[in-house]
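If you're matching positions, the sequence shown starts at 59 in the numbering used here and goes up one per residue.
Derived by calculation from the structure, the hints in this document are not laboratory data.
A virtual CB, placed ideally from N, CA and C, is assigned to each residue, including glycine.
Worth double-checking, as some hints may not be accurate.
What follows is a list of derived Cβ distance ranges for each label pair [claimed, not checked]:
(1) Ser105 x Ala185: 24 to 32 angstroms
(2) Asp341 x Arg243: 40 to 48 angstroms
(3) Leu416 x Arg243: 14 to 22 angstroms
(4) Pro340 x Gly247: 21 to 29 angstroms
(5) Asn239 x Lys154: 22 to 30 angstroms
(6) Gly339 x Arg252: 35 to 43 angstroms
(7) Lys182 x Leu416: 35 to 43 angstroms
(8) Ala72 x Arg396: 42 to 50 angstroms
(9) Arg190 x Ser105: 41 to 49 angstroms
(10) Arg252 x Asp203: 14 to 22 angstroms
In silico BS3-like links for lysine-lysine, alpha-carbon gap of 25 angstroms or less [stated by the list, open to error]:
(11) Lys289 x Lys103
(12) Lys398 x Lys103
(13) Lys68 x Lys154
(14) Lys103 x Lys336
(15) Lys202 x Lys182
(16) Lys154 x Lys202
(17) Lys336 x Lys394
(18) Lys103 x Lys188
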Amino acid sequence: MSVLDRLGQKLLFAFDPETAHGMSIAALRCGLPVGARTTLDARLKVSVCGLDFPNPIGMAAGYDKNAEVPDALLGLGFGFAEVGTITPLPQAGNPKPRIFRLTADDAVINRLGFNNEGHAAAEKRLAARKGRSGIVGVNIGANKDSSDRIGDYERGVARFAQYASYLTVNISSPNTPGLRNMQAREQLGELLSRVMAARATATAQPPVFLKIAPDLVEAELEDIAAEVTEKQVDGVIVSNTTISRPPLRSGDTARETGGLSGKPLFERSTIVLAKMRKLLGPDRAIIGVGGVDSADTALDKVRAGADLVQLYTGMIYAGPSLPGRILSGMVRFVEKERLKSICELRDSRLDFWASRQL
Numbered sequence: 059m060s061v062l063d064r065l066g067q068k069l070l071f072a073f074d075p076e077t078a079h080g081m082s083i084a085a086l087r088c089g090l091p092v093g094a095r096t097t098l099d100a101r102l103k104v105s106v107c108g109l110d111f112p113n114p115i116g117m118a119a120g121y122d123k124n125a126e127v128p129d130a131l132l133g134l135g136f137g138f139a140e141v142g143t144i145t146p147l148p149q150a151g152n153p154k155p156r157i158f159r160l161t162a163d164d165a166v167i168n169r170l171g172f173n174n175e176g177h178a179a180a181e182k183r184l185a186a187r188k189g190r191s192g193i194v195g196v197n198i199g200a201n202k203d204s205s206d207r208i209g210d211y212e213r214g215v216a217r218f219a220q221y222a223s224y225l226t227v228n229i230s231s232p233n234t235p236g237l238r239n240m241q242a243r244e245q246l247g248e249l250l251s252r253v254m255a256a257r258a259t260a261t262a263q264p265p266v267f268l269k270i271a272p273d274l275v276e277a278e279l280e281d282i283a284a285e286v287t288e289k290q291v292d293g294v295i296v297s298n299t300t301i302s303r304p305p306l307r308s309g310d311t312a313r314e315t316g317g318l319s320g321k322p323l324f325e326r327s328t329i330v331l332a333k334m335r336k337l338l339g340p341d342r343a344i345i346g347v348g349g350v351d352s353a354d355t356a357l358d359k360v361r362a363g364a365d366l367v368q369l370y371t372g373m374i375y376a377g378p379s380l381p382g383r384i385l386s387g388m389v390r391f392v393e394k395e396r397l398k399s400i401c402e403l404r405d406s407r408l409d410f411w412a413s414r415q416l
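Construct all of the structure, not just a fragment, from the sequences and the given hints.
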C-alpha cells in the first residue's frame, strides 16, 4: 500500500463505513487524484461476449450504486465498472448501522438492502455519458415491496439496455427478504425467460449476466447452469456476499447479520466459480468475484475458470491504487510465464478448485 493510500485509509477509517463510502464517492466525483497510474498491456486484453476489455479487472456492483462515478473508476485502472444495484423506485434500504468493518479479517458485513436512488436518477447519469468509451455494466434489482419482482427486472432491462455495456440480473443479495428464492429453478426459469424476452425487444441487446450466491449446494448449481444454458443467458457472475460465517477473528462484529465479503469469501466463491465452469462448459462467460485483493488472488480466479474478475472490499483495505498494483502483478506474471495472453491461464487449476467440497 502506498503512503497516499495509507493516509487516505486512516482518514476514512476515522468515520463510520457508510460515511467513509460517501466521502470516497465525493472524492472521485471531484476528480481528486486518488489512484495510481496504470500501464496498458496488450497481453491483459480479454474479449468476452463481443466486448473488448482492456484488462480483466473490474469494479464490482455495490460501490457506485447510483452510477455517479463509473468513468472515474475506469480512471483508476479498472478494465470495466459495474454500477448498481438499481431498482425501479428509490428505496432507503435497511436501518443504520448496516455496514460493519471486520478489520482483523480484511472483510465487511453489510445489510444495506438495495439502497439507491432508483431508475430515473441513474438513467439521467448514464444518458449523460452515452457515447463515451469504457465498459460500464448496469446491475438491476427488484424493489423490496414490489408485487411483481420479475416485472422489476423487465423494467430494468428496458430502461438501461441502451446505456449498458452489459446487464446484470442480481437475485443473490441476502439483504432483500425472499430475493434469493428466485434462484430456485422454477422461479429462475420464468425470470430468465422474461428477462431475455425483454432484451430482445429493447432498443439495444447488451449481454446479460446472472449474479448468484455462494451459499448454494451442488444440485442448486446444476439447476442454475441448466436454466442459464437453456435460456441462452450470456454469462454468470460468481458470487455475491455470503451468509455463512467461516472462522473469523473480529469478535462481536462478526456476528452481525448480513452478507460477508472480503478475504474470508475467497475460498468458497472460487470453489463455486470452478463448479459453475464445469457445469457451463468452456464457452459461457463467467466473472469471478469474492476475496480478490492482490494479483495472486485475481490470477487464482482466472485459473479456476473466470474470464473476468471483479473486486470491491479489497480496495477498502488496500486503497485505490489496488487495481493498478494488480495489473502490474499480472504483467509480471505473464512475462515470467512467457504467456502471449492472460487468457491462456484460464482453467489451468479448474479441476483442483472444482473438486473441493462446499
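Against the structure, the hints:
no. : hint                                : result
1   : Ser105 x Ala185: 24 to 32 angstroms : 27 angstroms, holds
2   : Asp341 x Arg243: 40 to 48 angstroms : 22 angstroms, violated
3   : Leu416 x Arg243: 14 to 22 angstroms : 18 angstroms, holds
4   : Pro340 x Gly247: 21 to 29 angstroms : 24 angstroms, holds
5   : Asn239 x Lys154: 22 to 30 angstroms : 26 angstroms, holds
6   : Gly339 x Arg252: 35 to 43 angstroms : 25 angstroms, violated
7   : Lys182 x Leu416: 35 to 43 angstroms : 42 angstroms, holds
8   : Ala72 x Arg396: 42 to 50 angstroms  : 46 angstroms, holds
9   : Arg190 x Ser105: 41 to 49 angstroms : 20 angstroms, violated
10  : Arg252 x Asp203: 14 to 22 angstroms : 20 angstroms, holds
11  : Lys289 x Lys103                     : 28 angstroms, violated
12  : Lys398 x Lys103                     : 10 angstroms, holds
13  : Lys68 x Lys154                      : 22 angstroms, holds
14  : Lys103 x Lys336                     : 24 angstroms, holds
15  : Lys202 x Lys182                     : 23 angstroms, holds
16  : Lys154 x Lys202                     : 17 angstroms, holds
17  : Lys336 x Lys394                     : 28 angstroms, violated
18  : Lys103 x Lys188                     : 23 angstroms, holds
Hint compliance for this structure: hints 2, 6, 9, 11 and 17 are not met, and every other hint is.
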